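There are 4 protein chains.
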Amino acid sequence: MIRFNSDYTEGCHPAILERLAETNFEQTPGYGEDVYCAAAAEKIRELCAAPDAAVHFLVGGTQTNVTVISAALRHYQGVITAASGHINIHETGALEACGHKCLAIETPDGKLTAEQVAAYVDAHYADESFEHMAQPKMVYLSNPTELGTIYKKEELAALYRVCKERDIYLFLDGARLGYGLASRENDMTFADIAALTDVFYIGGTKVGALFGEAVVITDEKLKQDFRYNIKQRGGMLAKGRLLGIQFLALFEENRYQEISAHAARLAEKLKDELIKMNVTFYIDSPTNQQFPVLPDAVLSKLSENYAFAYQARVDETRSAVRLCTCWATREEHVDALLGDIRRLLDTEEE
Amino acid sequence: MIRFNSDYTEGCHPAILERLAETNFEQTPGYGEDVYCAAAAEKIRELCAAPDAAVHFLVGGTQTNVTVISAALRHYQGVITAASGHINIHETGALEACGHKCLAIETPDGKLTAEQVAAYVDAHYADESFEHMAQPKMVYLSNPTELGTIYKKEELAALYRVCKERDIYLFLDGARLGYGLASRENDMTFADIAALTDVFYIGGTKVGALFGEAVVITDEKLKQDFRYNIKQRGGMLAKGRLLGIQFLALFEENRYQEISAHAARLAEKLKDELIKMNVTFYIDSPTNQQFPVLPDAVLSKLSENYAFAYQARVDETRSAVRLCTCWATREEHVDALLGDIRRLLDTEEE
Amino acid sequence: MIRFNSDYTEGCHPAILERLAETNFEQTPGYGEDVYCAAAAEKIRELCAAPDAAVHFLVGGTQTNVTVISAALRHYQGVITAASGHINIHETGALEACGHKCLAIETPDGKLTAEQVAAYVDAHYADESFEHMAQPKMVYLSNPTELGTIYKKEELAALYRVCKERDIYLFLDGARLGYGLASRENDMTFADIAALTDVFYIGGTKVGALFGEAVVITDEKLKQDFRYNIKQRGGMLAKGRLLGIQFLALFEENRYQEISAHAARLAEKLKDELIKMNVTFYIDSPTNQQFPVLPDAVLSKLSENYAFAYQARVDETRSAVRLCTCWATREEHVDALLGDIRRLLDTEEE
Amino acid sequence: MIRFNSDYTEGCHPAILERLAETNFEQTPGYGEDVYCAAAAEKIRELCAAPDAAVHFLVGGTQTNVTVISAALRHYQGVITAASGHINIHETGALEACGHKCLAIETPDGKLTAEQVAAYVDAHYADESFEHMAQPKMVYLSNPTELGTIYKKEELAALYRVCKERDIYLFLDGARLGYGLASRENDMTFADIAALTDVFYIGGTKVGALFGEAVVITDEKLKQDFRYNIKQRGGMLAKGRLLGIQFLALFEENRYQEISAHAARLAEKLKDELIKMNVTFYIDSPTNQQFPVLPDAVLSKLSENYAFAYQARVDETRSAVRLCTCWATREEHVDALLGDIRRLLDTEEE
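Protein chains in written order, with our numbering: chain A, 3 to 352; chain B, 3 to 352; chain C, 3 to 352; chain D, 3 to 352.
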């Protein structure tokens, strides 16, 4: 079984295991107050050209989303999100369990626009019953989105401007940020993202780490007391150094960018070759998640040797699936998959 | 200023004030454990042909919704609702503040169908990531809905059957129940509603009481420990007898039904006469909330003498508004309104 | 049965019922945005010599406590309270259900001291693990306390000073405030309380109203968006005018003060006469709640004709009970009770 | 600097790093549905002689506590805990943030007794206002406690019996369970604990793992839908296999027990030698946390070379500190510490 069903099927980049082994018997303070976390935070501040940013390390994505959002909002406030946003669909109501409503907006591609956000917020305050509705106070974006799409710099800049004009926080979920920045269609840097958000995170779990997400806070109000929130939401790892060590290993020698580029290249190969086979896509994704539409019969055969994620039924005989590449994907596996799809499609046509 | 903007613009049926005055210096135990609450509960059980039902009295609608729903659900469970449902739109995220997600389904008319509910729940369990999504465990209906529409008996029966097959609670918000049952299009009784739900409430606030909602619980599991939930959600009125006295007054001499019929008749008059003037409607409502579409110029003139609620822009020159009748509406006010609309429309046409 | 078990056994001052009847068919906007609420708020601002205070009307005490506290705190913050505080004991964990911890301090008499608060907060920040503990951000006092005791002006001033020095809110629960201010031992006015707290409320439910609590906010930060919080916590009464009308009636012609004085006088009579009978007290209360210690045999006999609340076992043969007077207590009932206790004690001794 | 301040100062047992390296490029399903988690769960079921137990792996202690407790309780229920319990003191109100009250009972040694629990629950139901108080529905124990003390088998059996008689869950926090079972004063096995609780966990973070806690559920009701709760509380690790692999490594070749015994032996050495020096203790702990009382001057000197945790001031010149041994503690460090304390005490006396 070759797995393309997600980007967290393997362990981690070997450099991380090496660093963990080297440092294993060192004694450090707990809870992220060690030298490795300090060094990793500094490295990330440099990468983001954000010398005053606060950097915190958490374990997983759902935890990070609820910690950041609940730290920012008061009880009666909600967060604007694409209806397809991870927080709205795939976190078992974790944010609502912290007391906050997802203010969901339908989108064709998982991306919110500045116009949508402006219209939503302005409509809230224009309604005479505004106090009877959750107050929009934060915008949640994922980049790449759950559908693999990414924001252009001018799109993010417009969103940020709309948010600042309305005194609303802009939060970017970068669980797959590496793969977004490595896309051939991307025009942003870490520094751009730091400059055009109030808080965002750099995903480790899906980009070469065993686990871990690095939260970068540039807004002053959000920095205050953030560690209380981490502790309260269960994200303060006792051996916090494990996170610092991993992010140090990922960001030395340009490693994070290189392994992201590897995944991006293989995803692009997958996409380009499928297009040559006249395969269509559920959504036009420029990143490591690809959503081809294939005949059910082909998928059934493929599933004997490959794992992929079911996305949606497209018509009576065809479905969309999700195929992920990642830092650890082997090119021969991509080639084998492409060969098998080509063969099955050819057979199908006969 | 004549008010048609809501159905809670006046005080209460005079019989209620009389009973409050008569009983004012009696001493009773607090928190709903008095003889008036007991008698009112018994009266409601009879009305509903539900001799084993638990009946509790709460103060307001939002409070009742969160108390019932949070009493029924475990933390990871959510409630299916029409996207236009009161709990999803107009309660400032009160339910999310209790930790639960609204699982919203778009509808054209504010009414959920049995098919929608079945499809939603079945899709949940068919998804291999089902544990990553809030579990649907209750259906919330309002009858009449926020758009004035009502459920037919067979529609409610189908919803109830779908819920029972899937082990899901069915909860009906009857904040305007009197006006629904009094509609010329209604085919249900209190007993039907008690038989086809697990819990519902009979609205007092909008139907002749100063305030108060009577919760009727027929499901055994929901009955357990319900008073803890009332207290926790701030709904346990110290002088609980005020609720018992009010519901007793409303349900003696068929009063609740009669004042509901009064409002229904005036709403029907309003609707019928507007139709004669070729006025169209935002939604075809058979109850006390009517949503005519009128030229903005007409609305602007009308607003000098009448209060109504803005509903939605329909096109560049016309908007839908909400007009409510209620137990206290005076027929001469309806006639005056109709006359003024007729006159303004005529002027408009010239 | 004559009831001394609580101060909410009767309906309301007759002037309130008169005003409700007079205004019954007036049409007003809902949700507290009517002229009666505006006038009552203005009256309260004058009474409190707090021209810039925000005044809001809520229905009940638990609801008011959770609304005020959750409006003030961020998720990771808690509220310091006497262990005997209502929020810590008798609200079914309502505050915790909103996500906040009660930081309880043991007291002999239900009163927190400035020293206790200062020590608690200073110890929090002195602990190197402070981020692992809920952050103290508000102090909750009740005046009178649950044990009938009251704060002296200099005690409240010291508490307020300690709070301001540490950037902590001071909130005073005045569910029985009238009875506190009417005590012969009181040295404070409404204006003193407004000046020495950030937010407090004037109880109506226990002091002559059918229901209702008037929240007075003097702190600017707490004023912001407060109505969202009221709506979210279920406290925004549709017919909000009912609260305005009641508080107007209570505060015209010095009525609130006079009916409080009536209850105070009768409580003092009760206390003084019991002392003459050599009855001791569980706590030395100067307000309308009295806690005499009586032989169980006497209590058993008394309970045939009088309702009172069991407080605590004192020794093998004696218990403390709570006797409340209120605005509606009849002096002949107090005399009858005293007579019966005297007679039963005499019999007991023989 | 030699660290005795906690038991999470080093990385992990080398066997774990070896297993992580060996399996690093294997592809597995995510979220704990892999073969390693299955095998580790089976191993733990055997160890606990609990063939029907559900076993789940979470990341950290606070997360595990809130997940288990919030999975068990309904909104209006609370958890009985020693006032010194971790959930009550050191989790930043994480449980309250999930909506539940800690029902704290003072204890001299961090241990609850069956009598205390029975009295608490019985008093709840004996109070006529019971619905006004959070309902006790679970007992939380830690073993070892936060003060290093442990439960004897007969104590746990009595607690379990009291809980079962009252239909209350018994939950044991075993963050340091290995060190408890390895104590010379312990008389329990894993199987005893599984048989005498409804749910408990075996701590990995403090006993040789990088991170991880293994939850063992024997109660049928608690098993239901538990994974939804894990996901909602942020504890469902994407690369769940990391937990399975670690617990497999810990439980092969009796490793968990052996490394626990190592820590226990060194703690006992520390204790016995300090006693010989006439050092007294804040609490008589039989496990890996020792709380000696030492002169402040000695502590000040010691702190130049050793890290320890400040516990409490004992008198004007002496304080209690916490010294922890763990799986990784080196005997020469213990000897050095003992030598330095002896020398400093001798100097002190002169």
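None of these hints come from the bench; they were simulated from the model.
Check the hints yourself; a few may be wrong.
[To be verified] To list a few chain C residues with every Cβ distance to chain A over 12 Å, as calculated:
hint, residue
1, E35
2, V37
3, K103
4, M135
[Stated by the list, open to error] Here are the simulated DSSO-like cross-link-like pairs (lysine-lysine), alpha carbons at most 27 Å apart as the crow flies:
hint, chain 1, residue 1, chain 2, residue 2
5, D, K223, B, K166
6, D, K166, B, K223
7, D, K223, B, K223
8, A, K166, C, K166
9, A, K223, C, K154
10, D, K166, B, K225
11, D, K154, D, K303
The structure displayed is predicted, hence computed values, not measured ones.
Don't be surprised by glycine CBs; every beta carbon is placed ideally from N, CA and C.
Here is how each hint holds up against the structure:
Listed as outside the interface, E35 (chain C) is inconsistent with that label: its C-beta sits roughly 10 Å from the nearest C-beta of chain A, within the 12 Å cut-off. The beta carbon of V37 (chain C) is kept farther than 12 Å from every beta carbon of chain A, the shortest such distance being approximately 18 Å. A beta-carbon of chain A comes within 12 Å of the beta-carbon of K103 (chain C); the shortest separation is about 10 Å. Under the 12 Å C-beta cut-off, the non-interface status given to M135 (chain C) relative to chain A is violated; the minimum distance is some 9 Å.
Only pairs whose Cα atoms come within 27 Å are accepted, and K223 (chain D) paired with K166 (chain B) is accepted, the gap being roughly 21 Å. A threshold of 27 Å between alpha carbons decides the hint, and for K166 (chain D) with K223 (chain B) the separation of about 21 Å falls inside it, so the pair holds. Our distance criterion of 27 Å between C-alpha atoms is met by K223 (chain D) and K223 (chain B), whose separation comes to about 15 Å. Using a Cα cut-off of 27 Å, the hinted pair K166 (chain A) and K166 (chain C) is violated, with the two alpha carbons roughly 32 Å apart.
Distance check on the hinted pair: K223 (chain A) and K154 (chain C) sit about 38 Å apart at the alpha-carbon level, beyond 27 Å; violated. A C-alpha spacing of about 23 Å is found between K166 (chain D) and K225 (chain B), which places the hinted pair at or below 27 Å, so the restraint holds. Under the criterion of a C-alpha separation no larger than 27 Å, the hint pairing K154 (chain D) with K303 (chain D) is inconsistent with the structure, at around 38 Å.
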